[in-house]
Amino acid sequence: MGLSHESWPSHLPSAFTAGSPFLLSSAHPCGVPSWLASFGRGPCFQPVLLCQGTQETLSNALLKPEEEIEGSSGNTEPFSLGSLRNGHLGICAALPGSGGGEAGLLPALPRHPTHHISVPFFWGAPIARSLASRKDLTTLGEKGVASGVRRARGLCPRPGQGLLKATLGFCSFSGKSKEAEIKRINKELANIRSKFKGDKALDGYSKKKYVCKLLFIFLLGHDIDFGHMEAVNLLSSNRYTEKQIGYLFISVLVNSNSELIRLINNAIKNDLASRNPTFMGLALHCIANVGSREMAEAFAGEIPKILVAGDTMDSVKQSAALCLLRLYRTSPDLVPMGDWTSRVVHLLNDQHLGVVTAATSLITTLAQKNPEEFKTSVSLAVSRLSRIVTSASTDLQDYTYYFVPAPWLSVKLLRLLQCYPPPEDPAVRGRLTECLETILNKAQEPPKSKKVQHSNAKNAVLFEAISLIIHHDSEPNLLVRACNQLGQFLQHRETNLRYLALESMCTLASSEFSHEAVKTHIETVINALKTERDVSVRQRAVDLLYAMCDRSNAQQIVAEMLNYLETADYSIREEIVLKVAILAEKYAVDYTWYVDTILNLIRIAGDYVSEEVWYRVIQIVINRDDVQGYAAKTVFEALQAPACHENLVKVGGYILGEFGNLIAGDPRSSPLIQFNLLHSKFHLCSVPTRALLLSTYIKFVNLFPEIKTTIQDVLRSDSQLKNADVELQQRAVEYLRLSTIASTDILATVLEEMPPFPERESSILAKLKKKKGPSTVTDLEETKKERSADMNGGAEPAPGNASTVSTPSPSADLLGLGTGPPTNAAPPPSSSGSLLVDVFSEPASAVTQLAPGSQENFARFVCKNNGVLFENQLLQIGLKSEFRQNLGRMFIFYGNKTSTQFLTFTPTLICSDDLQANILACCLPGHRRLASGSWETKPVDPTVDGGAQVQQVVNIECISDFTEAPVLNIQFRYGGTFQNVSVKLPITLNKFFQPTEMASQDFFQRWKQLSNPQQEVQNIFKAKHPMDPEITKAKIIGFGSALLEEVDPNPANFVGAGIIHTRTAQIGCLLRLEPNLQAQMYRLTLRTSKETVSQRLCDLLSEQF
187 MGLSHESWPS HLPSAFTAGS PFLLSSAHPC GVPSWLASFG RGPCFQPVLL
237 CQGTQETLSN ALLKPEEEIE GSSGNTEPFS LGSLRNGHLG ICAALPGSGG
287 GEAGLLPALP RHPTHHISVP FFWGAPIARS LASRKDLTTL GEKGVASGVR
337 RARGLCPRPG QGLLKATLGF CSFSGKSKEA EIKRINKELA NIRSKFKGDK
387 ALDGYSKKKY VCKLLFIFLL GHDIDFGHME AVNLLSSNRY TEKQIGYLFI
437 SVLVNSNSEL IRLINNAIKN DLASRNPTFM GLALHCIANV GSREMAEAFA
487 GEIPKILVAG DTMDSVKQSA ALCLLRLYRT SPDLVPMGDW TSRVVHLLND
537 QHLGVVTAAT SLITTLAQKN PEEFKTSVSL AVSRLSRIVT SASTDLQDYT
587 YYFVPAPWLS VKLLRLLQCY PPPEDPAVRG RLTECLETIL NKAQEPPKSK
637 KVQHSNAKNA VLFEAISLII HHDSEPNLLV RACNQLGQFL QHRETNLRYL
687 ALESMCTLAS SEFSHEAVKT HIETVINALK TERDVSVRQR AVDLLYAMCD
737 RSNAQQIVAE MLNYLETADY SIREEIVLKV AILAEKYAVD YTWYVDTILN
787 LIRIAGDYVS EEVWYRVIQI VINRDDVQGY AAKTVFEALQ APACHENLVK
837 VGGYILGEFG NLIAGDPRSS PLIQFNLLHS KFHLCSVPTR ALLLSTYIKF
887 VNLFPEIKTT IQDVLRSDSQ LKNADVELQQ RAVEYLRLST IASTDILATV
937 LEEMPPFPER ESSILAKLKK KKGPSTVTDL EETKKERSAD MNGGAEPAPG
987 NASTVSTPSP SADLLGLGTG PPTNAAPPPS SSGSLLVDVF SEPASAVTQL
1037 APGSQENFAR FVCKNNGVLF ENQLLQIGLK SEFRQNLGRM FIFYGNKTST
1087 QFLTFTPTLI CSDDLQANIL ACCLPGHRRL ASGSWETKPV DPTVDGGAQV
1137 QQVVNIECIS DFTEAPVLNI QFRYGGTFQN VSVKLPITLN KFFQPTEMAS
1187 QDFFQRWKQL SNPQQEVQNI FKAKHPMDPE ITKAKIIGFG SALLEEVDPN
1237 PANFVGAGII HTRTAQIGCL LRLEPNLQAQ MYRLTLRTSK ETVSQRLCDL
1287 LSEQF
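Residue numbers for the sequence shown follow this note's numbering, beginning at 187 and rising by one.
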């Protein structure tokens, strides 16, 4: 609700235009007049705090601490007066005329016990004088409001009477030191405690006064451990002001597990049954504010009855709808679907738009999980939307925001319609089409105001309408018009509009009706890629180019992406590389262009070219005879550059080893020149690349017998036969022996060309989705994109290889935002010829895919117990562990990093059959094991609020030694989209290591006893990290063993001892780590009484160095 600046009452005192924040009351069932609630909408006012106020709150909340609120965050929860679960306090109300049930909420006041937080100072005198002089003041509700305001008029000029005086009395220390403040607070708390414990019974007013003081002290950041029972007693009062303070205190300070919750529930039931709208409103506010599971169990069945009752007042209906929404979000399983569902839909026809707005929010959330139950809401939503869109701003004066009729309600109705496919009834469908056309037409009209609020409201409705058009994907005319409208925004001076336009056009590009229209804006998008200052807008431009690409413009788009890649932000380079690789191979008609593109990609951004990309180059070259010679010639020329990226060496080594004979006839690329060129890069490469080059050398022995002696000399050199790396040493020995004793025929058989690779579904698209993170694309949109996968230049049969495999369109995930981790589906049957296949991917399996980066984090926890296990832009998982002998306890913390709730939040532990049945017993208190191989977690609160953190405890018992680790799977909904995150839980064998101190003589005596070959495991490996002795000591101690000083004759070596404790046995362990600083190598030797334990501990510890 809001009025334009021109409609503000002219009789208001000038103090209102001074820019001071002020406090208004809105808890009464009749709400506040439109002129009053509009004060905060103008440009010359600071935000109005609309709270559950009364005449007492209005007059007595005029507190004057010196400091302002230290930080605030938006709160989108209905009636979020206090959330004890996440430690945030917010004061809000859904006004009957605020233009949106959840929209009129004010910022939350974060509370932290160690921070001094004070409420801002609100001058109330101007408001009080103005209100007391108005004759229509009775519209606020009871006579008590008028009397309270008149009382405020007298109090405000000289604060010092009644509750105001009492409250301000201990606020006057604001300018003093922290110690003085604490002293004053303690004195006040002692006084209040004595009043509560005194023999003289306190009257309602005194009790209310002291409870209010306690609440204020709590807001200052001090703990309150008494007064709860007095607040509960206030609930039974028949005076509104006393009941209101009681509810306020309970909403903020009473924990959902409190012993008083039963008394509170009884008081709430009495108020709900009283049919007094004021008391009912307070009770509903309290239920929504607390929002606990206990509240849901007690009232989830009662609130729907109040909502659909015929005699319920409008303000109570609003509160009931939003209260039910709150309970459904926190405990959806406790809100029963019944007869009320069909009746609540008809609230969309209510005459009061505030009721309609609140009901729309509720129905939208319910319809997402139960679409059939609320299918009838479609026609009613279209009817209501039509009336809003076609009405003039004067028809909905109380709900017009800067000349835009009811923008919040319009947006909510459009979102509700996105829960369903296009209406089947031709009349309803035609009416909806007319509404959408009207919205598009209004977007073309000149603005009625230059205020930014006008354009924001207008564009909010427009973008939501375009989202609905894209969702339905059934009206070509509307899709093209929407595309043209977005095209105008691409050159708008406002950065946010350009960003939103690019984002929406990415989705439009997937429609067969609008794809061509999107392509007409290619030059504008390319220009945005070159000139935009904001990296996020440039990233959306890349996404749009990727989405609009087809066979007709692939070369232009790929060239522009490559040009941009040279200067692109480092955070998005890998994503661009993946997109270029996908587009190049999907739309490659001339495969020589594809080879050139990928080699150019490696040259420009080799560090960001993943293995999947260069694997696919090799696959395509091997599977296509017509490109093999060109590929060999091209990589040979590319390798002649003085500095080559290692990925180019890998591609060159593989291709020349297979097809170097195709260019050997040219004297400039003779066999010896090819070998010397590759071997000149050998010493610069990593071990895996050197291993690949050794395989190339033995291939050359078969292809070019004339250089066999040269290659054998290289293989015979000490640097190969005595290489510290076991893999390189073994290859050199075996290849040398093979080239020496094998006949020509045997060599030709063993080293023949690689056969064509079998086809599998692409893994590059999956990697792109994983790189982009969580999905913002609905299942319906995904279905739509799959339906249009072969549009506009989809994959055509390749010449020579006839048929192609069905592959996803590049627009199957336009923003790289898939619906979650890719599923391991079996590859479709197909014949050769398609490019989008993956020959190197593992066969499909049912194993849960781990989140990106989780394996690296898992390795870090081998030698530590506390820290962050996983983190992305949505979720943070922290761990704190402690182990003693064969028992352990692990605290898992889940943190919501967003400002949006996580819904249906469910963590589950997944273990293999061996792990859960025979090796590791792992349970969460109150959890039960399932036959499926997992532990059903005791539900944390299924709703994790924005910025909140919840905790779970895992108790572990080691029955016997083990090698695997359990997987923690977290599933939740964020922004309407299902999220699935899986990480390995760092429960490793060394966690049950108990250090054992030993003298030198005892150590070597035990060392000799464990001399059987089965008891010893040794590993020689190259150092991955700087060889710092202090860090090495810390890692060995963190691994769990005791670090034994002055035991080894060589002081540079490290010796450790300990015992692995299991339920069935105790296994002694001795370790010796020998560093070689010159060679940057380690030799690790482990001896235990059990072979499997030695091997597992050796593997775990080797990874740390």
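I should point out that these hints are in silico values taken from the structure, not numbers from a laboratory.
Treat the numbers as computed from the prediction; the structure is a model and nothing was measured.
The beta carbon of each residue, even a glycine, is placed where N, CA and C say it ideally should be.
The reader is advised that the hints may include incorrect statements.
[To be verified] Distance condition first, Cα-Cα at most 20 Å in a straight line; then the derived SDA-like pairs of lysine to any residue:
id, residue 1, residue 2
1, Lys1208, Arg1249
2, Lys1083, Gln1135
3, Lys1221, Gln1266
4, Lys1276, Arg1249
5, Lys716, Glu698
6, Lys1221, Cys1049
7, Lys369, Asn419
8, Lys1276, Gln1204
9, Lys705, Arg719
10, Lys819, Asp793
11, Lys1194, Lys1208
12, Lys894, Pro942
13, Lys1050, Leu1060
14, Lys491, Glu445
15, Lys1276, Gln1200
16, Lys1208, Lys819
17, Lys1210, Ala1265
18, Lys386, Glu374
19, Lys1208, Lys1221
20, Lys1210, Glu1289
21, Lys1219, Leu1263
22, Lys373, Lys383
[Claimed, not checked] Label-pair distances were calculated between CB atoms; the ranges are:
id, residue 1, residue 2, range
23, Lys561, Gln742, 43 to 49 Å
24, Gln1281, Phe1164, 38 to 44 Å
25, Pro942, Pro874, 32 to 38 Å
26, Leu449, Ser380, 42 to 48 Å
Against the structure, the hints:
1. For the hint pairing Lys1208 with Arg1249, the CA-to-CA distance comes to about 36 Å; that exceeds 20 Å, so the pair is violated.
2. A threshold of 20 Å between alpha carbons decides the hint, and for Lys1083 with Gln1135 the separation of about 9 Å falls inside it, so the pair holds.
3. Under the criterion of a C-alpha separation no larger than 20 Å, the hint pairing Lys1221 with Gln1266 is consistent with the structure, at around 17 Å.
4. Proximity of Lys1276 to Arg1249 is assessed by CA-CA distance (about 15 Å); at most 20 Å being required, the pair is judged to hold.
5. Restraint check: the Cα-Cα separation between Lys716 and Glu698 comes to about 28 Å, which exceeds 20 Å; the hinted pair is violated.
6. The straight-line distance between the Cα atoms of Lys1221 and Cys1049 is roughly 6 Å, inside the 20 Å bound, and the hint therefore holds.
7. Straight-line distance between C-alpha atoms of Lys369 and Asn419 comes to about 29 Å, which puts the hinted pair past the 20 Å bound.
8. Proximity of Lys1276 to Gln1204 is assessed by CA-CA distance (about 14 Å); at most 20 Å being required, the pair is judged to hold.
9. Of the supplied pair hints, the one linking Lys705 and Arg719 is violated, its CA atoms being roughly 23 Å apart against a limit of 20 Å.
10. For the proposed pair Lys819 and Asp793, the alpha carbon gap of about 23 Å is over 20 Å, so the pair is violated.
11. A hinted pair counts as satisfied when its Cα atoms are at most 20 Å apart, and Lys1194 with Lys1208 does not qualify at roughly 27 Å.
12. Distance hint between Lys894 and Pro942 is unfulfilled; the C-alpha atoms sit about 27 Å from each other, more than 20 Å.
13. Using a Cα cut-off of 20 Å, the hinted pair Lys1050 and Leu1060 is violated, with the two alpha carbons roughly 25 Å apart.
14. Restraint check: the Cα-Cα separation between Lys491 and Glu445 comes to about 28 Å, which exceeds 20 Å; the hinted pair is violated.
15. Taken as a hint, the Lys1276 and Gln1200 pair is honoured in the structure, with Cα atoms around 8 Å apart against an allowance of 20 Å.
16. Between Lys1208 and Lys819 the alpha-carbon distance is near 36 Å, which puts this suggested pair outside the 20 Å criterion.
17. About 12 Å separates the Cα atoms of Lys1210 and Ala1265, which keeps this hinted pair within 20 Å; it holds.
18. Annotation: proposed proximity of Lys386 to Glu374 holds, straight-line Cα distance about 19 Å (limit 20 Å).
19. Proximity of Lys1208 to Lys1221 is assessed by CA-CA distance (about 17 Å); at most 20 Å being required, the pair is judged to hold.
20. For the given pair, Lys1210 sits about 9 Å from Glu1289 by alpha-carbon distance, which is consistent with the 20 Å threshold.
21. At most 20 Å may separate the alpha-carbon atoms for a hinted pair to count; Lys1219 and Leu1263 meet this at roughly 15 Å.
22. Restraint check for Lys373 and Lys383: satisfied, since their Cα atoms lie roughly 15 Å apart, inside the 20 Å limit.
23. For the pair Lys561 and Gln742, the supplied restraint of 43 to 49 Å holds, since their beta-carbon distance comes to about 46 Å.
24. Checked against the hint of 38 to 44 Å, the C-beta distance between Gln1281 and Phe1164 comes to roughly 39 Å, which is consistent with it.
25. At roughly 24 Å, the beta-carbon separation of Pro942 and Pro874 lies outside the given 32 to 38 Å, and the hint is violated.
26. Between Leu449 and Ser380, the C-beta spacing of about 24 Å breaks the proposed range 42 to 48 Å.
In this structure, the hints that do not hold are numbers 1, 5, 7, 9, 10, 11, 12, 13, 14, 16, 25, 26, in rising order.
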